[in-house]
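> Work out the full structure: start from the sequences and follow the hints.
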Amino acid sequence: MSLQATTSQTVGPYFQIGLARFYVDDLTGPGVSGETIEIVARVFDGNGQPVPDGVIEIWQADATGKYAHPEFLQESKNIQETDGQAEEQGRGQSVFRGFGRVPTQADGSFRFKTIKPGRVEAPDGTLQAPHIAVSVFARGLLRRLVTRIYFPDEASNVEDFALKLVEAGRRHTLIAKRMPDGRLEWNVVLQGKDETVFFDC
Amino acid sequence: MPSDFPTRAMMQGMAKFRGYRRAEPGTQPNHLHPTYVSSIKRAPAKPLVYLPHTLSETTGPSFDSSAIDAKASDLTRPGHGEPLGERIIVSGRVLDEDSRPVVHTLIEVWQANAAGRYRHNVDQHNAPLDPNFEGSGHTLTDENGNFRFITIRPGAYPWRNHYNAWRPAHIHFSVLGPAFATRLITQMYFPGDALLPFDPIFNCTGDDKARNRLIALFDWDTTVCEQALGYRFDIVLSGRDSTPWEK
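Chains as they are written, first to last, in the working numbering: chain A, 73 to 273; chain B, 1098 to 1344.
None of these hints come from the bench; they were simulated from the model. Accuracy of the hints is not assured; some may be wrong.
Here's a subset of chain A near chain B, in silico, CB distances under 7 Å, partners left out [as the list claims (entries may be wrong)]: (1) TYR95; (2) THR108; (3) ILE109; (4) ASN119; (5) GLY120; (6) PRO122; (7) VAL192; (8) ARG215; (9) VAL230; (10) LEU237; (11) VAL238; (12) LEU256; (13) ASN259; (14) VAL269; (15) PHE271; (16) ASP272.
Note that the structure is a prediction, hence the values are computed from the model and not measured. Ideal Cβ placement from N, Cα and C applies to all residues, glycine included.
Following this line, the structure appears as C-alpha cells:
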C-alpha cells in the first residue's frame, strides 16, 4: 500500500519569517557564464489588484542546459558547443545553482537577475525552448501555482514541448516582453482577463 | 523487433523522464475554496494545463550542509533568555509515496509564539511579542529522512476570514524535496485542537483521512522526561512514476 502525498496548505501571510533566509534574487556571480538577464514582474489578483504578499521561486538550467541537480548529469545535446567555457562547465560541477526565491513587494512586484538558460531535453526527445520554471505561493493559494517564463524573439518557442500543450491564444502569458531598456517584463495574472497559464505539475 | 528491445541504454535514457505521480483525487485542495475567502480572487478561473514532467520538473534545487545553520533546528535557542510557552519537540520523517526516505532535503518552519503572535509587521493581533522567540527554523533531513525541531507550542490567533475566526495552533512547513515537482508547503496541527472543525484552511479537502494526516501525533518515544513533550509529524512527497513517459 503506497502512501499519499501530504495535503498542501497555504504559505499564509507570514512566510517571511520562515523563508527569508534562503531568498535569492541574483543567480549570477563569479564563474557563472551566460547572457545576464533581468526579469521584472508583478503579480495581480482577479480584481487587477497587486498581490503584495506572495513568494516566487524559480528553477532553471544554466546557460548550457544543465540543471544543478545531483541525480542527473545530463548529456544535453546542446553542450557540445566547442567554445571553451561550455566545455569547461560541462566537465566540472557548475557553479550555477539555478534556484531563486523572492517575496513580492507592496505593489505586487518582484525581480530576478539571472542568466538565460540553455535548452534542455523534453520527454519526446526534442529540445525545449529556454525557459524558467516558476512556483507562485501566496495567502489565498492553498496549493502553489506552477508556470513558466519563456523568452521573446526565441525561434524555438514554436516547437516547445510545453508551449504546444497550451492553446495558441494563451501562450503569450508565458512569454516575457523585452522592455526598451533591455530588461524582460513578465506578469502573473492569477485570475481573469489574460490569466496566466498555470500547469498541473 | 529484437528481444532485448528496448536496450538498457534506452531504458536509462527513458528513466530520466520518469515523472512524479499526481495527487490522488480529493487529497489536495482545489485552488478555489470559497469558505477560505482569500482564495476567491486569487484562484485561477481557467483549468490548469496538464504538463508531463520534463527534466525541468524532475530536477530541483538542493542545499548542502554548508548552507545550513546547525543551531537553526532549535527555535528555543537562547537569545537573552528562554521563550515563554510549552516547550515541544517536533520530529518526523520525510518520505515519498513508496515509503523511501527523502534525504538531505531542506525543511523550513515558521510559527506564531505561545501567545499567538507572529514576529511580522503585518500581524497586528494585540497579543504580546516574545523578545526571546523569532519563530523560524530550518534543517536538512538526515540520511534516513529524519528531522527534529525543538520549539514551543504556538498559540491560536484570530484572523478576519469570517466573524470570530480563529486559526488552530499550527506550524508552517516548507519542504523542497528531490525535484521541482515535489515542492510542498503545508501546515502541521495539534491533536485535540477544538478549532480544527471550524478552520477553512485545515478543511480544504473533502478527504478527512488526508487532512487528518496534517495533525501531528503525540509521541511518548520522543517526549523527553522533565523537558519537553514530543510530537511526531511525517511528511509524504509525491512518489516517482513507475512507468516512463510515453509519447
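> Does each hint hold? Answer for all of them.
Right, here's what the structure says about each hint:
1. TYR95: With a closest approach of 11 Å, the A/TYR95 hint is violated.
2. THR108: violated, 20 Å
3. ILE109: violated, 17 Å
4. ASN119: Where the cut-off is 7 Å and the nearest Cβ of chain B is about 5 Å from A/ASN119, the hint holds.
5. GLY120: violated, 10 Å
6. PRO122: violated, 12 Å
7. VAL192: Holds. Min distance 5 Å.
8. ARG215: holds, 6 Å
9. VAL230: violated, 17 Å
10. LEU237: Result: holds, 6 Å to nearest chain B Cβ.
11. VAL238: Holds. Min distance 6 Å.
12. LEU256: violated, 18 Å
13. ASN259: Check failed: Cβ of A/ASN259 comes no nearer than 14 Å to chain B, outside 7 Å.
14. VAL269: holds, 6 Å
15. PHE271: holds, 4 Å
16. ASP272: This interface hint holds because 4 Å falls under the 7 Å limit.
In this structure, the hints that do not hold are numbers 1, 2, 3, 5, 6, 9, 12, 13, in rising order.
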